[in-house]
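Q: Okay, here's what each chain looks like letter by letter:
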Amino acid sequence: MGISLMYYLLVSGGLFALGLAGVLIRRNMLLLLLAVELMLNGANVALIGFSRHWDVTDGQIFALVVMVVAAAEVVIGLGLIVAVYRQRIVLDVDELDQLKG
Amino acid sequence: MNIAALPMMILIATAVVALVPSLAPPGRVRHLGPPLVSIVGLVAAAGMSVLLWGDRQYTFYGAFRTDRLTVLMTLIFIASALVTVLMSLREPATVDRRGEYYSLLVAAVVGMVLVAGTGDLIGVFLGIEILSVALYVLCAMEVWRARSLEAGLKYLIVGAVGSALLLYGLTFVFGATGSVSLEEISDIVRVRGLGGEPLLMGGMALVIAGLGFKASAAPFHMWVPDVYEGAPTPITAFMATAVKAAAIVAFLRVFSGALIDVVDDWQMPLAVIAALAIIAGNVGALVQQSFKRMMAYSSIAQAGYLLIGVATGTLLGVRSLLYYLIAYTAMTLGAFILVAIREREVEDGQSIASLAGYGRRSPLHGVVVTVCLFALAGFPPLSGFIGKFMLFGAAVEADLTWLAVVGAVGSAVSVAYYLRPIFVLWGEDPEPGNARTFDPGDGLWVASVLAGLGVVVTSILASPLLDYCREAAQALIAP
Amino acid sequence: MIGSLAWVVLLLPLAGALVLGFSGSAEPPKALTRVAGVGTIALSFAATLVIFFTLLGRDADDRALTTTAWRWAELGPLRIDLALLLDPLSVLMMLVITGVGMLIVAYSTEYMNHDRDYRRFFAEMDFFIFAMLLLVMAANFVFLIIGWALVGLASYLLIGYYYDRPSAVAAAKKAFVINVLGDVGLVLAAFVMAVKLDTLDYAGVFGLAPEKLGHGGLIPELIAVLLFVGAAAKSAQVPLHTWLPDAMEGPTPVSALIHAATMVTAGVYLVVRCNVLYQLAPHASEMVAIVGAVTLFIAATIATVQEDIKRVLAWSTVSQIGYMIMAAGLGLYTGAMFHFLTHAFFKALLFLVAGVVIHALVGEQGIDRMGGLKKYLPVAWATTLVGCLAISGVPPFAGFFSKDEILARAWDAGDLGKVLSIVGLVGAVLTAFYMFRMFFRVFHGPEPEGGYAHAPHPSGPAMTLPVIVLAVLSTVGGLIQVPTVNHWLDSWLDVSLMADPALEASHATEWRTMTMSVIAAAAGIGLAWFIFAADGGRRRVQMAGAMPALRRFLLDQWRFDPVIDDAVVAPGRDLGDAAYRGFEPYGSGGLVRGGVGVATAAARLVRATQNGLVRMSAFGLVVGLIVVAAAMILGR
Amino acid sequence: MDLYDYLPIVAFMIAGLAVGGAILTLSRIGPTKPNPAKEMPYESGILATTPVRQRFPIDFYLTAMLFIVFDIELAFLYPVALVMRDNGIPALVLLLVFTVTVVEALAYVWRKGALEWR
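Residue numbers (my numbering), protein chains in the order written: chain A, 77 to 177; chain B, 272 to 750; chain C, 4 to 639; chain D, 804 to 921.
Treat the hints with caution; some may be incorrect.
Ranges of calculated distance between the beta carbons of each label pair, as one might list FRET restraints [to be verified]:
1) D:Ile892 x A:Leu110: 38 to 48 Å
2) D:Ala818 x A:Ser80: 23 to 33 Å
3) B:Arg632 x C:Ala18: 20 to 30 Å
4) D:Phe863 x A:Tyr83: 38 to 48 Å
5) D:Leu895 x C:Val198: 54 to 64 Å
6) C:Ala72 x A:Trp130: 52 to 62 Å
7) D:Leu909 x B:Arg632: 42 to 52 Å
Here are some chain A residues the structure puts well away from chain D; computed CB gaps all over 12 Å [to be verified]:
8) Leu85
9) Leu86
10) Arg103
11) Asn104
12) Leu107
13) Leu110
14) Leu114
15) Ile124
16) His129
17) Val132
Computed far set for chain B versus chain C, every beta-carbon distance over 12 Å [unchecked claim]:
18) Val287
19) Arg299
20) Ile531
Since the hints were derived computationally from the structure, they do not count as laboratory data.
Note that the Cβ used here is the ideal one computed from N, Cα and C, for glycine as well.
Could you build all of it, start to finish, from the sequences and the hints given here?
A: What follows is the structure, given as structure tokens:
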């Protein structure tokens, strides 16, 4: 056991918190997607850490799945952003305001 | 390897095959091929599921478990999807992309079935994500309509955050127990006595937040009205029923199934978000002028009622919850069908005002939606009443009397807004400008009849249905 | 045998309603509608008669039976069957519902002849009778509630029959909303019972309640009060009475059916049915009695100034139901049922005759547009006289015996009873006064200025016959229970009243109240005669300006609607206004509107967070996470 | 194994930072004589002919997105390859199902014209 679990968790928590903060304060849609990626990858780090800690491969498989899911999510996000861009030429989420109340 | 995963396999194959006919040159095959394939595939999967009703079977090395709960939930998902397919036949969103639409719809069902039958945490996440990703696209399917696009994008961004919370929570649960298998987790938690363990508790809090988001409980509900309003109406109906059911069954699998021994840890937070959902949903629905938006708020409140069943952590609670879920699916679909019809018939079809006098002009739809709304409001003898009554009873039994009181008061408040469309539907005179401009098509008639029958049958056959629900609940809670 | 007959009684009206309601879109021939609409009710009545006589032939202990169709739901220890209960109480109700119902429906075949949607009318009437039968025949609280809710729905449909008339739609909504309020009370009561007793069958509840709940505790009081919320809403007791006079927007036979025979007496039935529970809850019972007395007095005073013939009758109904509720609250269950029975006869009679008069005057309902009708409508004159004498309590008409029984036995039922008995006597004076005010002004007195546009025409046999039958029943109906002579109703109902304290007024009281109530009736009639008839109606004109304040107060119906508006609705609205601009009046129906006002303010709060920004949703997620974590830590 | 085993990595990182930092700091020292050729972005000796902040056509992104998806999905093939020998035919069947699904999606995208350069 090289690096203790604690370091994994610190990095993971840092990434996750960074991502969450990004979601809360950023307005650019592309950056929002980026922030979400950060959160998912934070979780991935933790998964690998736990996987090593318990000495099982489950966590690594989980991480692999997460990567694919994250990619799919980003691709769809980008696709939608492109569509919005073509229609309205905005990238600011706060401009998405037709639906409210 | 046995045939227990066959329904899911059939659904996957359906999703793949449904794409093919839409590549044909414009014409009958291209137009009717995808929905037809979807219907055939869904019915086949449903039939297969019914045959699998029985004791638990494992597939994929234990990653997928087919027990009575899986089968029951699969049938609920498929029923909802079938009605959605029927509703969508003439939906504008499907005009140019029929293959994608139906294929994604079935793919979402695949994700739901995976959630219902999953044997490990990976399946919970993967299933939820499969259905979410498919729905992000479906919501935004009407790309030329800014609102639909906006709904899809909002859902995606906030949904991704929800997924991340869920994932992080599952990671912690894995970290605290050292296993991703739900059955192993259950054993580990019991043997090691992990009640109050900080890592596990943090994990559970995150999972509750993530799944609560998917089930649209408060205070994770803020996306719901916007997305529900913006999405194409059949998709909204599908989200309000099947997606919610999937999130609820994920709750059941993780909490009532694997983590039942630390029920003291998760009961209170679940009860709190259930109560908040009931309050926020019912109160928010009161002032809505749009029927579709009102139903969105209503579905938030209904998520609260459903979560009561999870929060009890008892056999009776789960059983009541399953029954209410079946009933809820039928009555919500029925209410949304009317929106779909009016939306296509007149310009302002989403508003409650546009329903004026509609009941007398089209008695069938009028009666169906009236029955559905009465059921939602919890009028006896309809299934909504039985379900709520049982859920509140289960809450009292589990020492959550305050939650039952919140539910009952919320239910009383909800009568005010559920009745308003009915009054408009039967009471008022149609405005002259409300003449029909567009033919909704036959699919909606069939869907309407199916939903109405669903409500009536669940009400009359309450007793046998409750027996099935008990067996399904036992499959979950008993080993 | 009679078990399956019970299902026939219940399902025939439903079959009629379904056949009429869903038989295609074209209006079928009227003859066919008549056969389906009236025939089913008549057969149902015949079946009820068979049940009645079968039970009558049996021993008193053998007169109750339950017939179960199937187990509807089984929830742990709680078992709910779809079952019907036949016992003296329910059979009595069934007799009135199908019997009087049949007369009213038969009457409608002519009354509604020139109206539109002939078929829909009968479909809805049959549906109403089905719902009402389900209410009284149910063998457990669940199906009682189901019937209860269906009755509310049916009355909504019937009151809003003229759906293009805004006032009718508003009245229907008001009735429905208030009734739903009552339903909520009932459901809560059933819930408490289910939790505490693990059963909802009448037999089970009434059997276990005395032992498990105890006497005078919080739980039985709570159940009794909640049940009474339901009863008060359905039976139009103060302060939930405001829907009933408005409900006169429906066609006249509907008013007869809903007000006289059935729906409003459901509350009385409920209290009598749950007599065991009320015996366990002395405070709740007192409250019931007081509410009844207050209602009977208030409604009687309001009835004295009404100018619309149907509204006079509507307020009179509220007042008479007040007598029954008061009696039931005092434990005089037989008295309540007796008055229910006679009231069903004479009030249905009065409504139907009012219908004859309205029919004769082509829809005119104001009594100042009537007068001197005796010579045009002699049969209506005679039958109205019978009805008025009966309701005023003049011997030997039916109302005399039933009202007298309530007042006499109330006098002997403690201090509260004495007070309420006196209120009842005052009410009797008022009753006689307002009934004969209406009678003299419609049938005697001068004809309205300018005479009648069309000469009033007597109605045909389909309307006249039911009226005459009801007149006969109003005359002799009271003889089934005559003090000191004949206690048929007492002995008949004995089985159903497990908690009947069997109050029997002493002979002295009996004679004293008899005398008193005859004097009261005579006083009321005399006063009415003095003002409205003695002088050819001239004195009325002189009196018209007297006591304008009181008059206005009564015309405003004791200012219930505005007071509820000021006390409940307005503060809620102001709250909403203060927080958010542009509050629009919303929903309908006094109390409910106030609640909605408060709720709407809250709803705007919820909406304020709903600004459609993605960040807000993400923020909600974080807040939720904190809430969950806090609950998790605090909840341990 | 303990943290010391990671020492080479740390050393490598320090070296990298030092070189980069040195270049940046050194360029500040001494005289600067800018001319247009020096100011141009360095693109392996080829002269830049268009502005740097050019917008790429949106189709580029679409193709790139498809690339990401198919690329990532292939990540699943490697774990299966590891256990292929142990599991034999069932693993092969699952792999085929997976591949067919991916290929079908590709075919659909192709046929729908998403790969056309517009």
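Q: Hint by hint, which ones does the structure fall short of?
A: none
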